[in-house]
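Protein chains: 6
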Amino acid sequence: MYLGDEAWPDLETYFETESLALVPLGSTEQHGPHLPEATDHLIAEAFAREVADRTGYLCTPTITVGVSGHHRQFHGTMWVEPPVFRQYVESLTRNLTSHGIDRVIYVNAHGGNVPHLREVGARLRLDETAFAIEWMWDESIPELVDDLFEQNGPHGGPKETAMIQYLESELVHDDRLEEARDTGVPDVDAAEGIKYGSRTFYDAADNTENGVLGDQTDATPEKGRQLFEAASDQFVQLCEWLAAQPFEDLLPKDHV
Amino acid sequence: MYLGDEAWPDLETYFETESLALVPLGSTEQHGPHLPEATDHLIAEAFAREVADRTGYLCTPTITVGVSGHHRQFHGTMWVEPPVFRQYVESLTRNLTSHGIDRVIYVNAHGGNVPHLREVGARLRLDETAFAIEWMWDESIPELVDDLFEQNGPHGGPKETAMIQYLESELVHDDRLEEARDTGVPDVDAAEGIKYGSRTFYDAADNTENGVLGDQTDATPEKGRQLFEAASDQFVQLCEWLAAQPFEDLLPKDHV
Amino acid sequence: MYLGDEAWPDLETYFETESLALVPLGSTEQHGPHLPEATDHLIAEAFAREVADRTGYLCTPTITVGVSGHHRQFHGTMWVEPPVFRQYVESLTRNLTSHGIDRVIYVNAHGGNVPHLREVGARLRLDETAFAIEWMWDESIPELVDDLFEQNGPHGGPKETAMIQYLESELVHDDRLEEARDTGVPDVDAAEGIKYGSRTFYDAADNTENGVLGDQTDATPEKGRQLFEAASDQFVQLCEWLAAQPFEDLLPKDHV
Amino acid sequence: MYLGDEAWPDLETYFETESLALVPLGSTEQHGPHLPEATDHLIAEAFAREVADRTGYLCTPTITVGVSGHHRQFHGTMWVEPPVFRQYVESLTRNLTSHGIDRVIYVNAHGGNVPHLREVGARLRLDETAFAIEWMWDESIPELVDDLFEQNGPHGGPKETAMIQYLESELVHDDRLEEARDTGVPDVDAAEGIKYGSRTFYDAADNTENGVLGDQTDATPEKGRQLFEAASDQFVQLCEWLAAQPFEDLLPKDHV
Amino acid sequence: MYLGDEAWPDLETYFETESLALVPLGSTEQHGPHLPEATDHLIAEAFAREVADRTGYLCTPTITVGVSGHHRQFHGTMWVEPPVFRQYVESLTRNLTSHGIDRVIYVNAHGGNVPHLREVGARLRLDETAFAIEWMWDESIPELVDDLFEQNGPHGGPKETAMIQYLESELVHDDRLEEARDTGVPDVDAAEGIKYGSRTFYDAADNTENGVLGDQTDATPEKGRQLFEAASDQFVQLCEWLAAQPFEDLLPKDHV
Amino acid sequence: MYLGDEAWPDLETYFETESLALVPLGSTEQHGPHLPEATDHLIAEAFAREVADRTGYLCTPTITVGVSGHHRQFHGTMWVEPPVFRQYVESLTRNLTSHGIDRVIYVNAHGGNVPHLREVGARLRLDETAFAIEWMWDESIPELVDDLFEQNGPHGGPKETAMIQYLESELVHDDRLEEARDTGVPDVDAAEGIKYGSRTFYDAADNTENGVLGDQTDATPEKGRQLFEAASDQFVQLCEWLAAQPFEDLLPKDHV
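Residue numbers (this note's numbering), protein chains in the order written: chain A, 1 to 256; chain B, 1 to 256; chain C, 1 to 256; chain D, 1 to 256; chain E, 1 to 256; chain F, 1 to 256.
Excised from the complex, chain A in its bound form (with noise of 0.2 angstroms):
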């Protein structure tokens, strides 16, 4: 069920009987040569809905521009500092609890995210507010994303490629994957970056000149598709243990 679609009064039910809401977020930023800015929050919305649509839990809008500023030297690259990221995020999660949701997933593709939102769901939780936690698709089944690519990267790497072909094939520019292999960096073990233990990168254009990293050319919409379905699956599956849970079980446990 898709909440932007909906009359205030067709949701009644929904609220009454369920808790749980699916937050679709991502990014819009640079992802190479070939890929639009809008993969991110593409993939994460594609999911949202797919799974919405095949268990009737509820999807929200999404919420398409999130903490990108490492991918700032590239063109177009669009997104808010971390501190008011985590206050959207936060607002808008605590206001849909009003309607009586109490458990969230927040359908998350872009990894820049993932810290703020587990700092964002533990405060939710404190407070005994909402359950919130982050899903990202490649990290439910990362089995077949190694099996189906020879060299990976997480960002702009043939995972996202293959998913975009599978999703919006037209946004994708395939005369260009040799281009992103090549001036990107293929081999993300042999990216420096980390130096005797420390990070000593901050930005995507420390590393990587186009942006990317990884093999594109491993990608094809057929790969797109068995990663979609297999992580949709997965998905469900969360949704579903998710919405079973008592709330109490959902929160903190008690002090010792």
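Keep in mind that the hints are not guaranteed to be accurate.
The list makes no distinction among identical chains, and a pair is therefore deemed to hold if it is satisfied within one copy or across any two copies.
As the list claims (entries may be wrong) - Straight-line alpha carbon distances no greater than 20 angstroms define the calculated SDA-like cross-link-like pairs of lysine to any residue that follow:
1) K195 <-> R225
2) K253 <-> L126
3) K195 <-> F247
4) K195 <-> P142
5) K195 <-> D102
6) K253 <-> R118
7) K253 <-> R123
8) K195 <-> T217
By construction, these hints were calculated from the structure, which means they are not laboratory data.
Here the structure of chain A is known, so what remains is to put chains B, C, D, E and F in place on it, guided by the hints.
Frame of chain A, contents of chains B, C, D, E and F only:
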């Protein structure tokens, strides 16, 4: 040009030659028994995309959740607190300027956002970061709006109904227009709320039982088309006017 | 009853029997070549004291500096940033409730404060601390204001001029009224500022050379007296209405 | 020169030739059974206006509500939280500098404001915005204060009583001076409050039943006159000293 | 009992039976040519550990960096801004109460922290989270301090010198005591800084060339021992007094 | 060189010739039944002091309390909220630069601090105040850590146990190592916590009954010595690398 669809190298020319961005924002909030909660952000996005297509100016992804706490008593309304909304919009706009943008039009379709966008715009202008203004479609064509409808209304009335009938007809419950009128407040002037010069209400629920005002039965898709086209023409002219100004002319005047 | 004049034991009875406080606030900002910078807070204070005298309700000292950054180009304008003003008013109001006050009228004579007082009032009501509303004298008697003057104006025009002529005649430069009109913007409707539905100005200096709008030569002390008495009558009725409400009736409505 | 009385063009010469502003601020808080709640801001305003008249320096309107939470148990005390007070004063002062002011004297008559004014002053100096200092009348004439009264007291004692007897005699309940002494704490040194070197009290109510300390029967209007004149003389000299300093000499010293 | 040394199960009994914690805090800032920058936090820690050992009350690790911006012109001074210090101490204290602590003594050896600890303590008491007070060793034994030294000084003078000579003798440059006196300000009363009742200085560098005041040649380790033992005795009594109070007696008094 | 031990004149040469500071920080939090609550800050301090001694670089006093709210269910854990921690570290670091420091290594021994130090470091770099990075000893020698222990663990496991056995042997309860293993979670991979790709836990108490993970019986002081020496070597090299960089090379890259 829609930023979300582009790969970063393809934005270089735009940022070299233009300095205007269109940022659509609205709300996700109750719009009566007949309209979807997404009404405001759908309208904002439609205008921003249309005019971006007609003029070539850059349109960003949409901010879907705004200042709607005054609709919180109705199922599904989403909102963030006013300080959070201001910070989110301000941070996002400041960061856009890193690519060369120095003027922004907030394509806004939610009245509740207006004073906050004005406050943000004043700050951005004061430190000469950017000249950012907000545009509401109905304020650009007040005569046409008055001509088309007997009983208008600031929220969920015939003008918004007609607009969604035109833009996303499947999301309007046409069979509920009479109900919307009859259980709401058709005649805005008759609505109580101002006492001895003081506004003594804060929430939509203080004034209207179903959340909306006006006579919705007056709306048709054809009127929506007229409104959309007339306001788009105005918006095109605003973009052209703004893009043509020297940046110095947009900055605050000197102290006398 | 004026709080500032009282010793604490003499306030006990009031707080035991009443729960309304009147808080005058205005601005210290340019009001053209003919009016004093204190104009707004003088008017607010005069109304608050007059009505406190007539009704017995408690009047607090005056907040003299508000949100006037849009007048900063003119000598002597004082202001605080909007978030600071909101916090100051909110903190002051919350603390008033410790003595038993649960409803407040912000006797405001500066349009620039209005959205901020509304934002504060909404927060105070939401957590059921207090029901606080703002009152502007001219909004309580719009017909009389229209009747008395040919060319009104929102700032430094004939209505404010007449009011200060009546309240503090020695502070008006009567010999500059023609200058005020001729170097300002007499006909507000003729003033530019809205382009294609968008307000493209932020500061008074964007619209007017001497800081004011309207035809000030139309003002007389007698008209000031009429305005003051008529608006005071309205204000008395507002106080009586507000004091008579059960507190529960002033709180937000429940979720549908 | 009083800023509130002036029309903006009449301030131009001042700002061209001078750079000092006097900002009176006090509190609205209980001052025992005999003195008005306005005591502190009345005293501050009287000094600021007097010295502005004698010297020609600019005096602004008065900030009437300060940091008085420690008097909150007594009817009518008004206050804002310390961070709010600091922000209000800091914002107001920063904005004054837009007209050419670069040095400010906070004419303060409330001890509870002092550390906050010092904190604000330090910040304003650090970024070279302004040199702002606070002045308390009684600290400028400690010997005279000691000479005139047997049992002084930091709050509501004979020195403040004499001052209000002189400035606003109708606001003093002369018939309650004995009561003020007898139900308060006449001998400050005898008051408990410090234990083993630690201040173990936070509120006035922790130390005194009626809110005041000292022997108020010792006060006379004549003593008030003496205090006012002597302290005004000191204040005049402070203004002249401060106005005579080159701004560079008022800025922080360089790093060694 | 020192919290840092304990494993968590070994703290259970303490939290079940006691509710007092000692939190040492000082500064890291210049203390003249003869004393180490750690002077203040070394002294605070020494008292807190000594008294924790003597009484069995719980001592936490030390906060080593406080409000010392007024010493920033001298090499090595470390500091945080006042609002940051307050938040750090407040957050830390609030969290301590989750284990059952409801009273805290800030064992403070830096005057610059005092108003900030008072502000934090007032807030913690107001919402009945905890009763937290600050203790400065020298304020507990003012007569002894006066007796032992001819020319005391608030910063880097003989009392602090003697204390470090006793506690950490190897950190005192005994061969620089004469230099400390001669290039500093031996006679505090002779130091300029107050003009007509107003403090016109903000930084240590405004008053003293080498950062310190007093006659340091008067210090000996034996005097340090006397001071330490006498003040420790006072501190023990404070702990015992505080631990013996019913928590209700430590809370704010009711409104009159 | 340890800043706390030095008198300010003795730091002049360092600041003239070097621009690196080492800031140790950790936590005060439960580390199981066998390790002291100070574990993390003891380890951080030991590395910082050791490497400062070996290299001559400046080491500051230790920040002992960090982000440990996720251990709050266990007696004695101290923590500040994440925004407070970030502000404290950021303010402290910004102020260090006033003496000429422009690069900082946060010698951190608590995983919970990492994302916050990264966020602070990114801000400091963005405005070109300083280049600040965090270093965790175990991340510098991952192979050795893996080689030495069968069942490692991120918190209170054998690597931290060995380290404290080596550094502060009297603080380890060697007789509780078996208990630590048996009532905790020896095999981290077996620990639940990730469901369908989502981390569904927030607190240590969600995963482990006694607060720790790993097989602590595997720890020896000799292994601690090996770890300490190997990681110190890495740290020395990091310092030397960082000190050798031109500051410009440490700043963010330009926009493409």
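Checklist entry - Which hint numbers doesn't this structure obey? => result 1, 8
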